[in-house]
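Modelling step: build the complete structure from the supplied sequences, incorporating the hints.
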Amino acid sequence: MAAGGGGDGALPDLSRYVVSRPVYNEPTFQEENERKLVVPKTLRERVQKTCSCSRRKAIQVTKTLFPILEWLPKYRVKEWLISDIISGVSTGLVATLQGLAYALLVAVPVGYGLYSAFFPILTYFFLGTSRHISVGPFPVVSLMVGSVVLSMAPDEKFHMVSSNMTGLNQTVIDIASRDAERVIIASTITFLVGILQLVFGFLQIGFIVRYLADPLVGGFTTAAAFQVFVSQLKIVLNVPTQNYNGVLSIIYTLIDIFKNIGQTNIADLIAGLLTIVICMVVKEINDRFRHKIPVPIPIEVIVTIVAAGISYGVDLEKKYNAGIVKSIPSGFLPPEPPAVSMFGDMIASAFSIAIVAYAIAVSVGKVYATKYDYAIDGNQEFIAFGISNIFSGAFSCFVATTALSRTAVQESTGGKTQIAGIISAGIVLIAIVALGKLLEPLQKSVLAAVVIANLKGMFMQIFDVPRLWRQSKADAMIWVFTCIASIILGLDLGLLAGLVFALLTVAGAVSAIVVEPEGVKILKFSSPIFYANIDGLRSSIKSTVSSL
6 MAAGGGGDGA LPDLSRYVVS RPVYNEPTFQ EENERKLVVP KTLRERVQKT
56 CSCSRRKAIQ VTKTLFPILE WLPKYRVKEW LISDIISGVS TGLVATLQGL
106 AYALLVAVPV GYGLYSAFFP ILTYFFLGTS RHISVGPFPV VSLMVGSVVL
156 SMAPDEKFHM VSSNMTGLNQ TVIDIASRDA ERVIIASTIT FLVGILQLVF
206 GFLQIGFIVR YLADPLVGGF TTAAAFQVFV SQLKIVLNVP TQNYNGVLSI
256 IYTLIDIFKN IGQTNIADLI AGLLTIVICM VVKEINDRFR HKIPVPIPIE
306 VIVTIVAAGI SYGVDLEKKY NAGIVKSIPS GFLPPEPPAV SMFGDMIASA
356 FSIAIVAYAI AVSVGKVYAT KYDYAIDGNQ EFIAFGISNI FSGAFSCFVA
406 TTALSRTAVQ ESTGGKTQIA GIISAGIVLI AIVALGKLLE PLQKSVLAAV
456 VIANLKGMFM QIFDVPRLWR QSKADAMIWV FTCIASIILG LDLGLLAGLV
506 FALLTVAGAV SAIVVEPEGV KILKFSSPIF YANIDGLRSS IKSTVSSL
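In our numbering, the protein residues as written are 6 to 553.
No lab work stands behind these hints, which were simulated from the structure alone.
Treat each hint with caution, since some may be false.
Claimed, not checked - Simulated crosslink set (BS3-like; lysine-lysine; CA at most 27 Å straight-line):
#1 Lys442 to Lys324
#2 Lys331 to Lys162
#3 Lys478 to Lys331
#4 Lys323 to Lys442
#5 Lys239 to Lys461
#6 Lys526 to Lys547
#7 Lys288 to Lys162
#8 Lys264 to Lys162
#9 Lys376 to Lys68
Said to hold, decoys possible - Restraint-style ranges between C-beta atoms, simulated for each label pair:
#10 Ala63 to Leu259: 57 to 65 Å
#11 Lys442 to Arg295: 32 to 40 Å
#12 Ile546 to Ile256: 55 to 63 Å
#13 Gly336 to Ile180: 15 to 23 Å
#14 Trp76 to Val252: 45 to 53 Å
#15 Ile90 to His296: 16 to 24 Å
#16 Ile90 to Ile275: 33 to 41 Å
#17 Ile180 to Ser335: 13 to 21 Å
#18 Ser59 to Leu338: 40 to 48 Å
#19 Val177 to Leu440: 28 to 36 Å
#20 Val282 to Lys529: 55 to 63 Å
#21 Ser332 to Ala63: 46 to 54 Å
#22 Pro334 to Val286: 31 to 39 Å
#23 Ile180 to Gln476: 28 to 36 Å
All residues carry an ideal CB built from backbone N, CA and C; glycine is no exception.
Written out as structure tokens, the structure is:
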């Protein structure tokens, strides 16, 4: 058997190679395998082997559960510490602002976003296998949590009758009771998400993320970006709308926005538009000149400080009725148990959130793991985020994963390990205990604009569709179907519909009849080839060839 020709794509001349193989019969085959594979004969022996513990095995298990024991002893203090400190400070400033902004998506007071940017890092530092991701809120996941919060605690549930100065009764919202209830719901679903992720990790089902194909994730996150945009648009305009949830909720929200657009607050609109334009322009400069700029310009932080100063100096709330943050609590709240009675109402949504949050974190983590040549353990990531969310849920946080923009800041500013992450948590801690009051005059429209400015990358995914169509029409259809379904049905049902559609597409492709080119016969042999079935394979080949 020979193959001629040279060049990179040519096959080698196999006639030059002779491979000596032993002659097998059934007795020798069994004898050799019995020597190689010693299987415990009884259940007791198998249990003893599984439960046996040696010093080496104990160390290995401990390092698997606590990856910090693997990388921290190898930490290069002189080479890495300064870079991690600079990265941690930069990332902490961004994390502080994003925590406040993403709290708007969860429909809880913005101060709770600071907790959500702080607590998850503390546990992931010890348990996570990624050295570069910035752990904390992410807009898509925050919006999914917010959908549950709004469905279980809508404004209508907290209407109360109040008398005004003219003696007429009017319906108002009991904001204090509403916010307290929403915080409980958000922290409870965070706790439940953590439990699910922890169970998935112990069951070793990190492979589940493989079923979230890239086209499906792309379509889903693009639809989520559109949902996020609409939810923040009403804050930028500061117009009254009802809180909708479920099928067609985004359409109803848009109708409300356009119906009440005449009530737009000009001060909030101008502040929001300026923030969006400035942030997007400076981010573009950061991207284009990233090799020349040693540290990306923290434009969100700069804009926020300037906007808070202007709002305080001009007194925008009193003069122009601008919507401001108003109150950011200082210090920490005591830990509280979850409302277990709510688990049944949110289990389906918690399952979706757990998978999406995990998929986002692992996907981003793998990008940087590949770049810096280390491994991400998918099952350990489930455990790390599971424990982080359980711990965070006890402290009134909402679900943690990672944010692409924040992780990019942490890596691009020189972050080498999760030391940068723990330093960023320290910056958030300073904001919680000391600096939160300084941000109380900040307009909510500025925070909403920061969220919108960070959606550019997800919106740009729409340009993947023509490329997917050229490569695989099925992948393009999965992307488009998932995106449309998630916009119309909502994120939870949309993700489920997209997953079902993707699985049906795969099943159709697998079961499709193979078209044989003229002069070619395709045989499928669904079994390993060994001595017991070699005769059957030989006869199949002979019968096929003789029929040609």
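Is the hinted pair Lys323 and Lys442 satisfied, with a Cα-Cα distance of at most 27 Å? Distance ~18 Å between Lys323 and Lys442 Cα, so the pair holds.
Can the suggested window of 55 to 63 Å be confirmed for the beta-carbon pair Ile546 and Ile256? At 60 Å between Cβs, range holds.
Assessment of proposed distance window 15 to 23 Å (beta carbons of Gly336, Ile180): 21 Å, holds
Taking only the CA atoms, is the gap from Lys478 to Lys331 under or equal to 27 Å? 51 Å, violated
Would the pair Lys331 and Lys162 pass a check requiring their Cα atoms to be no farther apart than 27 Å? 23 Å, holds
CA of Lys239 to CA of Lys461, is that 27 Å or under? 18 Å, holds
Confirm or reject the claim that Val282 and Lys529 have a C-beta distance inside 55 to 63 Å. 59 Å, holds
Between the beta carbons of Ile180 and Gln476, is the distance compatible with 28 to 36 Å? Since the Cβ atoms of Ile180 and Gln476 sit about 51 Å apart, the hinted range of 28 to 36 Å is violated.
Given a hint of 40 to 48 Å, does the C-beta separation of Ser59 and Leu338 actually sit inside it? Taking Cβ atoms as reference, Ser59 and Leu338 lie about 45 Å apart, which means the hint holds.
For Ser332 and Ala63, compare the CB-CB distance with the range 46 to 54 Å and indicate the outcome. 50 Å, holds
With the threshold set at 27 Å, check whether the alpha-carbon distance from Lys288 to Lys162 stays at or below it. Answer violated: Lys288 to Lys162 is near 41 Å, above 27 Å.
Is it true that the CA of Lys264 sits at most 27 Å from the CA of Lys162? Judged against 27 Å, a Cα distance of about 23 Å means the pair holds.
Violated hints, in rising order: 3, 7 and 23; the structure is consistent with all others.
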